[in-house]
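Undergrad: Listed here are the chains, written in short residue letters.
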Amino acid sequence: MVNAQFPITTTPRYNFPLQVGNLQLPLHLIELSIQTLHKTHHQLEPTIPQQLSTIDDAALNTQLVRLKPNKQHITIFAIDVSSIRLGETSQGTLLAIRGAIVWKSKNSYQYVRLGPFPFHIPNHMKNDLHRLLNGSTYNAKAPTNLAPSTLYLQTRLTGILERWMQRSINEVTQNSIILWDGNMVAGTPDTPIKTMSKMLADARQQQNIILAFSKVTRLMLYNRKLTDLLLRQSPPCILMTQNYPQYENSIRNMGRINVAKLSKSSCTFRLDIDANLPQTEVIQAVQTLIGNDSIQNSYPETLRLAHIYSTFTAAEVLGLQRYISQESSLKMISRPNIRRILFGRFGKGPEG
Amino acid sequence: MRLFRKEGATIQIISFPGEDVEKGDYLKITDSTGKNLIVQVIDIEYANIPGILEELLRNHNNSLVQGEDVDPFEVANHIAFIQDAHLLICKIRAIDVQGELVHASSWLPSRTKARVKRLTVDQLLASDKNSFMTHLGATTRRKDIHIDVRALDGALNIITGKKGTGKSHVSKLLVLSLVSNGAPVVVLDLNGEYTGLNRDASGKPNSYQDKILVLTPGKNFKLTLNQLNIRVMLSILVNTLHLPGTSAREFKRIWHYLNERNALTLTNLGEAIRDWKCNQHVRDALFSRYYTLLHSGLLTDQAACTSLESELAKIQHGGGVIINLRDTSLTNRYIVVEYVLAKLIELLTKRRLRSIFLFAEEAHLYLRETYWNDIVTRMRHFGAFTTFVTNQPDTIRESIYRQADSLFLFNFTSSHDLETISRASKIDSETIKSVARDLPPHHCLVLGNVVNDFPVVAKIRELDVLAMGETRLFFSESQGSS
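Quick mapping for you: the protein sequence lines, in order, are chains A and B.
Heads up: the first sequence begins at 31 in my numbering, then just goes up one per residue.
Heads up: the second sequence begins at 16 in my numbering, then just goes up one per residue.
You can trust all of the hints, since none of them are fake.
Cross-link-like lysine-lysine pairs, in silico, DSSO-like; alpha carbons within 30 Å at most: (1) Lys267(B) x Lys365(B); (2) Lys361(A) x Lys132(B); (3) Lys21(B) x Lys361(A); (4) Lys43(B) x Lys361(A); (5) Lys361(A) x Lys128(B).
Hints in this document: simulated from the structure, not taken from any laboratory.
The structure presented is a predicted model; accordingly, all values stated were derived computationally and were not measured.
Work out the full structure: start from the sequences and follow the hints.
TA: See the structure below:
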């Protein structure tokens, strides 16, 4: 359907290692993008995820593990996806998403960028779009009583591409470390428990180890922010938690929650690793990561590059705006800033 | 192209890939009022696109990070289109109000509705096809440029640029254009570059054969004392040969003495100095100058020698007298120029010459200090219209630049030279500095009356005349290839 209307084809092979070159673009995402830009209707709607909160510290065991870099060669993959709001039309919002896969093999980094994929989210079609997202991604039905916010839909679209890339890399690689940006929380509309379980199981089967780095966390331990616990420790080290609650309402944490300080800096990160992996294997994986990748500010370079390559620059936003104005009938508009009108110089903060 | 910003007389325009604009081009900015703003592009910069630094840093492919984009929507082309946008720095040259050009106005076109189009040079320059139009060359877009040589009439012009850029070439073209249009021209030719104007490139006589007369001092250009009047002679003695005042007074008496007896010859002059009753120091001073003049080879007692006056008479209705100063000593150069200028003033004052176009190459090498102002003020009123040609712009005074009616500016890379010209010329300094620095050889920025005050970059056309004055090289091409 898509290819019949628009001259878009996916390139089957690229000049990259075989396994990454074999990636097929998520056609449903491309179709969705085109449909939104050209006003196609579908039906559905969302559920709102709930947040994890603080837990009972007394029930926890923590273990500080000093790490030794393991230089045994392994390929490190990192995946990150960015989204950006491009502007407004009279009917809704324009946004774009893009993903990047970066891998380090020996001394060089390589990347594949997917996108950008522009989307138009008309206000009157949010429910339809949400239904379409859920239906096309997880074959699930969503409740119809609440229209999702644009920001939420933006997050959903980003999540779809990110999970697809994570699954795809997992399928085509073996004996690798795969770095995710984020955590292993499941049970959200983005990531049903079943999906996350399968992804982690697939990784174990492929003998890949997934390490999920969170730059920001709201988790607390011993009345302190989780990531603050390692601030005074000498790197490289990892604080491993056990018995950290895996369930909160419908949310389930599928990973073991750790705090990592991998190099000298003031930065520490929440590091989620598959809870079903033995502790020795977890430690070994982190040691292999710091032995193979460049670590700056306690953060793996491969993942940093994935972020850099996926993120949008201002020039790209202008280019995307031009693409939309030329390739679709959508007209971008500038709405007056109500805050500015009402409060003048005191009208700070986001529009609305 | 989109109108972006105005700061003073500078207009900034955003141009996008595919909109072919070059430095020096003219643009017409039109809106619904019917007025047109005419601006000239003086510089082209990259548009300050936000995020461009991040983009460049990220996409810099090196040996450490390499990759490829899977871009199914081909958005990259649109992003590149934005990234490659240019910012055109333009100067306002005029406003076209219903066909009438106004050079000063505060009118600004609508930023949102204005349309920007390229304007060809021939749409700006005088388009009436009269016989005075001469083919100067072509624009950078290969459109012919014609100028009206009448714009040189009564005008002071300057041709300047660094060595080897084509100053003498455009000077020759102007000389021949004037000659073709019946004007008399005198060229003070420092390096003998103009002596081939009456022959074509192969050395055969051309259509200017009878119109271009070459006078080489000491050879076919010698003077008798009768041709020199006492004012010119004293000017040479005092200003060029630095004769003291007392001695000059004695010389004047000797001159009058011989003149009254109709015995004004070199031989008689020598004898008179020898026999004249005067202080020995004065005699010695007079003798030393006498022998300098005698050995200069410029003076003669033979009555049949060339008369500048008669040569000028030949070119009254179109022609050129080339004073070939090549191989002429510094002193002789001063003497010759002193004589020529004095003679021109005399003839112009007595209206025996209607007017004359004087071309002076590197005038600072033979022109006395006091003559500069004389040339641009007094002589101009008498009808001597000078064109200075130099590769050292700072040898021409700022006051002269200010009075120049037209300027032919070739490439300069020295910021000092550009500063000198930009400080003094009628046009804004940014135009001079920005455009002149990037001019290729044989291209010049023409400013002033000849281009209706619309600065134009022109590639000067070829001339079918014998090239003279080329630098004699030690290494020949055959030596290099063997």
